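Asker: Spelled out from the first residue to the last, the chains are:
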Amino acid sequence: MKYKLKTNDLDELIKLAQNGDMEALEEIIKRQQKTVFATLYYLNASNDEIFDLTQEVLFKVAKNIKKLKNPRTFKSWLNQIIVNQFYDSLRKKKKNDTKVFLDDENDAKNKFEVPDFASNPYQKALDKELEKVIKASIRRLPSPFRLAIVMRELQGLSYEEIAKITNSNIGTVKSRIARARLKLQEYLKPYIN
Amino acid sequence: MLKGNLTCEDISKLILPYIDDKLSQSTKNRVALHLRNCPFCMEKYRVIKTLFESIRQKEILRMKKFRQFRLLSAFCDNEVSKDMSDKIQGTLENSQTLTLKVHKIRTLGKVLNYGFEKTFSDVNLSFEKGVMTRVKKQGLIDKVKDFLSSCVLSQ
Chain A
1 MKYKLKTNDL
11 DELIKLAQNG
21 DMEALEEIIK
31 RQQKTVFATL
41 YYLNASNDEI
51 FDLTQEVLFK
61 VAKNIKKLKN
71 PRTFKSWLNQ
81 IIVNQFYDSL
91 RKKKKNDTKV
101 FLDDENDAKN
111 KFEVPDFASN
121 PYQKALDKEL
131 EKVIKASIRR
141 LPSPFRLAIV
151 MRELQGLSYE
161 EIAKITNSNI
171 GTVKSRIARA
181 RLKLQEYLKP
191 YIN
Chain B
1 MLKGNLTCED
11 ISKLILPYID
21 DKLSQSTKNR
31 VALHLRNCPF
41 CMEKYRVIKT
51 LFESIRQKEI
61 LRMKKFRQFR
71 LLSAFCDNEV
81 SKDMSDKIQG
91 TLENSQTLTL
101 KVHKIRTLGK
111 VLNYGFEKTF
121 SDVNLSFEKG
131 VMTRVKKQGL
141 IDKVKDFLSS
151 CVLSQ
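Listed in order, the protein sequences are those of chains A and B. The first sequence runs 1 to 193 under my numbering. The second sequence runs 1 to 155 under my numbering.
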């Protein structure tokens with residue numbers, strides 16, 4: 001690790017970054033980029049803009065880190081930025097009168113390559129198929145359900161945090177997550193039975 | 001087919017709000033009076049009411065099932081109170097159906113997380129350099145702006 005301080009503690013890195021330590025800030029960006037990218041990917045940002053959106057979110061994190069009052073709420077704060085950025089992009093798309101959500105066929109034409117990882121070719125094929133099915137299933141969900149389930153399963157946020165981020169109440173979040181699960185159980189039936 | 005003040009045609013229009021109890025008391029009485037005296041409308045009313053009742057029952061059952069699933073879903077996320085959690089835990093011990101539902105929710109979670117991990121485990125991203133360059137540039141711009149505004153103020 002290039003980082004000079006031997007700390008793995010995110011809270012500590014945040015405090016350092018808030019005090020102007022640029023290396024700590026860089027380390028935070030480095031650590032968070034994958035989760036930001038993954039979240040936007042599953043929220044169904046189009047593949048064209050996913051890199052731009054990730055960069056924009058990370059820039060906002062870096063620029064506004066001093067405004068974060070409690071480092072313990074970082075995850076929730078980060079997701080608020082992701083969600084705002086995502087909705088901004090949807091609003092811009094609507095203005096331009098383009099289709100908001102790509103369906104799978106369109107998506108397949110415009111797919112960035114996800115590298116292979118498993119050494120066993122059979123396993124590799126299975127993983128690839130499963131990943132494809134999961135992605136397609138999540139993207140089929142209506143956006144409020146998709147947002148809730150991605151925030152819960154991918155980001156591990158609490159219902160209260162999701163309610164705050166999506167400007168709704170806990171009961172609504174509970175229902176959205178349950179509905180998303182019912183739908184996903186249906187779409188992914190062969191994999192979970 | 002005229003009975004009382006209402007015609008059979010009137011009844012056709014009023015039958016749904018009558019079943020839904022959306023009519024004023026006086027109109028309700030007039031519809032009831034017509035139905036008592038007109039076997040044709042009464043039969044129609046019975047058929048529609050039975051159909052509506054069965055739809056309503058199905059809807060109630062569907063809602064009940066969903067409320068149960070919603071509770072189990074929140075339970076799997078540790079988002080229910082301690083009392084409720086103990087209660088569900090107790091029920092699960094005696095119900096295979098509910099245990100299977102919980103198992104499916106948890107399996108779905110595992111499948112999703114497996115997919116998430118697989119998708120991004122080997123993706124190499126390096127946004128940090130670009131972001132830091134932008135942050136530094138922004139910092140410089142802010143400094144220049146501050147300097148210029150302080151010059152304006154001192155004049």
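For the record, the hints were derived by calculation from the structure and aren't laboratory data. You may find that some hints are simply not true.
Claimed, not checked - Simulated crosslink set (BS3-like; lysine-lysine; CA at most 27 Å straight-line):
1. K28(B) x K63(A)
2. K118(B) x K104(B)
3. K63(A) x K145(B)
4. K94(A) x K164(A)
5. K63(A) x K132(A)
6. K63(A) x K104(B)
7. K104(B) x K87(B)
8. K66(A) x K137(B)
9. K110(B) x K69(A)
10. K135(A) x K145(B)
11. K93(A) x K164(A)
12. K60(A) x K101(B)
13. K189(A) x K30(A)
14. K137(B) x K63(A)
15. K110(B) x K65(B)
16. K164(A) x K66(A)
17. K67(A) x K44(B)
18. K137(B) x K104(B)
19. K132(A) x K22(B)
20. K101(B) x K66(A)
21. K189(A) x K164(A)
22. K128(A) x K104(B)
23. K135(A) x K94(A)
24. K135(A) x K101(B)
25. K44(B) x K65(B)
Quick caveat: nothing in here was measured; it's all calculated off a predicted structure.
Asker: Evaluate each hint against the coordinates.
Answerer: Verification of the hints:
{"no.": "1", "hint": "K28(B) x K63(A)", "verdict": "67 Å, violated"}
{"no.": "2", "hint": "K118(B) x K104(B)", "verdict": "21 Å, holds"}
{"no.": "3", "hint": "K63(A) x K145(B)", "verdict": "16 Å, holds"}
{"no.": "4", "hint": "K94(A) x K164(A)", "verdict": "25 Å, holds"}
{"no.": "5", "hint": "K63(A) x K132(A)", "verdict": "35 Å, violated"}
{"no.": "6", "hint": "K63(A) x K104(B)", "verdict": "42 Å, violated"}
{"no.": "7", "hint": "K104(B) x K87(B)", "verdict": "20 Å, holds"}
{"no.": "8", "hint": "K66(A) x K137(B)", "verdict": "17 Å, holds"}
{"no.": "9", "hint": "K110(B) x K69(A)", "verdict": "34 Å, violated"}
{"no.": "10", "hint": "K135(A) x K145(B)", "verdict": "45 Å, violated"}
{"no.": "11", "hint": "K93(A) x K164(A)", "verdict": "25 Å, holds"}
{"no.": "12", "hint": "K60(A) x K101(B)", "verdict": "41 Å, violated"}
{"no.": "13", "hint": "K189(A) x K30(A)", "verdict": "36 Å, violated"}
{"no.": "14", "hint": "K137(B) x K63(A)", "verdict": "11 Å, holds"}
{"no.": "15", "hint": "K110(B) x K65(B)", "verdict": "23 Å, holds"}
{"no.": "16", "hint": "K164(A) x K66(A)", "verdict": "21 Å, holds"}
{"no.": "17", "hint": "K67(A) x K44(B)", "verdict": "68 Å, violated"}
{"no.": "18", "hint": "K137(B) x K104(B)", "verdict": "50 Å, violated"}
{"no.": "19", "hint": "K132(A) x K22(B)", "verdict": "50 Å, violated"}
{"no.": "20", "hint": "K101(B) x K66(A)", "verdict": "45 Å, violated"}
{"no.": "21", "hint": "K189(A) x K164(A)", "verdict": "31 Å, violated"}
{"no.": "22", "hint": "K128(A) x K104(B)", "verdict": "22 Å, holds"}
{"no.": "23", "hint": "K135(A) x K94(A)", "verdict": "23 Å, holds"}
{"no.": "24", "hint": "K135(A) x K101(B)", "verdict": "23 Å, holds"}
{"no.": "25", "hint": "K44(B) x K65(B)", "verdict": "32 Å, violated"}
Violated hints, listed in ascending order, are 1, 5, 6, 9, 10, 12, 13, 17, 18, 19, 20, 21, 25; each of the other numbered hints is respected by the structure.
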